[in-house]
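Engineer: Sequence:
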Amino acid sequence: MQQFIDYVHGLGAIGYVVYTLGYAVIGLFVPASVLTLGAGALFGIVGGSIVVAIGATMAATIAFFLARTVLRKRIERMVARNPKFAAVDRAIAREGAKIVILVRLAAVFPFLFVNYAFGLTGIGIRQYIAATFIGILPGVIAFVYLGAAGAAAATASKTKMIFTIVGAVIALAVSIYVGRIAKRALLHDQLEDGGNDAGVQQ
Numbered sequence: 007m008q009q010f011i012d013y014v015h016g017l018g019a020i021g022y023v024v025y026t027l028g029y030a031v032i033g034l035f036v037p038a039s040v041l042t043l044g045a046g047a048l049f050g051i052v053g054g055s056i057v058v059a060i061g062a063t064m065a066a067t068i069a070f071f072l073a074r075t076v077l078r079k080r081i082e083r084m085v086a087r088n089p090k091f092a093a094v095d096r097a098i099a100r101e102g103a104k105i106v107i108l109v110r111l112a113a114v115f116p117f118l119f120v121n122y123a124f125g126l127t128g129i130g131i132r133q134y135i136a137a138t139f140i141g142i143l144p145g146v147i148a149f150v151y152l153g154a155a156g157a158a159a160a161t162a163s164k165t166k167m168i169f170t171i172v173g174a175v176i177a178l179a180v181s182i183y184v185g186r187i188a189k190r191a192l193l194h195d196q197l198e199d200g201g202n203d204a205g206v207q208q
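Per the working numbering, residue 7 is the first one in the sequence shown, and the count goes up by one each step.
A couple of the hints might just be wrong.
Simulated crosslink set (BS3-like; lysine-lysine; CA at most 30 Å straight-line) [unchecked claim]:
(1) K104 <-> K79
(2) K104 <-> K90
(3) K90 <-> K79
The following label-pair restraints were derived from C-beta to C-beta distances [as the list claims (entries may be wrong)]:
(4) I131 <-> F35: 20 to 26 Å
(5) E82 <-> V40: 27 to 33 Å
(6) E101 <-> I182: 21 to 27 Å
(7) G130 <-> I20: 30 to 36 Å
(8) E101 <-> R186: 15 to 21 Å
(9) N88 <-> V36: 16 to 22 Å
(10) L77 <-> R100: 21 to 27 Å
(11) G16 <-> V52: 20 to 26 Å
(12) V175 <-> N88: 32 to 38 Å
(13) R74 <-> V23: 23 to 29 Å
(14) I140 <-> A99: 31 to 37 Å
(15) Q133 <-> S39: 22 to 28 Å
(16) G130 <-> K79: 18 to 24 Å
(17) I182 <-> Q9: 30 to 36 Å
None of these hints come from the bench; they were simulated from the model. C-beta: ideal position from N, C-alpha, C; glycine also.
Make the full structure from the sequences, and use the hints.
Structural biologist: Have a look at this one:
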């Protein structure tokens with residue numbers, strides 16, 4: 007991944023497009039947290055957040071389609087090994103996009119796993135894309151901020167470095183807080199559905 011980040015660094019404006027597409031492809035196979043941090047270092051907080059949010063949503067959407075088509079049987083076997091997701095599936099059938107947003111915010115399942123697993127649920131593609139984009143945004147901003155803070159620590163003035171690092175800490179704290187609220191809301195929804203097999207660990 008570091009080689010990819012170094013390569014994009016020399017591309018100028020076209021690097022935004024290349025990074026977004028690269029993120030979408032790499033995100034199909036491995037967690038892309040390193041690329042998220044790298045986006046903050048390369049493009050700054052705003053540019054990095056846009057690149058990562060779009061790239062991650064693209065990866066999630068491609069995985070969703072693959073799970074509904076050519077990889078369906080393989081994903082069904084994978085999900086069967088995680089019975090806690092069954093409660094999420096039932097909740098999605100009842101409340102749709104709200105549950106996708108909560109799962110994304112709460113991070114109760116690995117990002118890569120749910121990208122494919124959501125393809126087996128009954129949610130529509132438009133709802134899924136919108137819910138995914140909204141749900142990943144707080145975490146994306148927090149990690150991009152951390153990447154930008156790392157770059158600032160190495161290159162920026164002391165004042166800018168301090169402001170960036172403080173902003174990164176605040177963004178991370180907000181992301182964690184929002185995640186905890188989402189986790190409680192998700193647990194409440196699952197318990198209403200009648201199961202302690204909710205897939206939310208306290």
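Engineer: Hints first: check each against the structure and report whether it holds.
Structural biologist: Hint check results:
{"no.": "1", "hint": "K104 <-> K79", "in the structure": "holds (26 Å)"}
{"no.": "2", "hint": "K104 <-> K90", "in the structure": "holds (18 Å)"}
{"no.": "3", "hint": "K90 <-> K79", "in the structure": "holds (19 Å)"}
{"no.": "4", "hint": "I131 <-> F35: 20 to 26 Å", "in the structure": "holds (22 Å)"}
{"no.": "5", "hint": "E82 <-> V40: 27 to 33 Å", "in the structure": "holds (30 Å)"}
{"no.": "6", "hint": "E101 <-> I182: 21 to 27 Å", "in the structure": "holds (24 Å)"}
{"no.": "7", "hint": "G130 <-> I20: 30 to 36 Å", "in the structure": "holds (34 Å)"}
{"no.": "8", "hint": "E101 <-> R186: 15 to 21 Å", "in the structure": "holds (20 Å)"}
{"no.": "9", "hint": "N88 <-> V36: 16 to 22 Å", "in the structure": "holds (19 Å)"}
{"no.": "10", "hint": "L77 <-> R100: 21 to 27 Å", "in the structure": "holds (26 Å)"}
{"no.": "11", "hint": "G16 <-> V52: 20 to 26 Å", "in the structure": "holds (21 Å)"}
{"no.": "12", "hint": "V175 <-> N88: 32 to 38 Å", "in the structure": "holds (33 Å)"}
{"no.": "13", "hint": "R74 <-> V23: 23 to 29 Å", "in the structure": "holds (27 Å)"}
{"no.": "14", "hint": "I140 <-> A99: 31 to 37 Å", "in the structure": "violated (20 Å)"}
{"no.": "15", "hint": "Q133 <-> S39: 22 to 28 Å", "in the structure": "holds (26 Å)"}
{"no.": "16", "hint": "G130 <-> K79: 18 to 24 Å", "in the structure": "holds (22 Å)"}
{"no.": "17", "hint": "I182 <-> Q9: 30 to 36 Å", "in the structure": "holds (31 Å)"}
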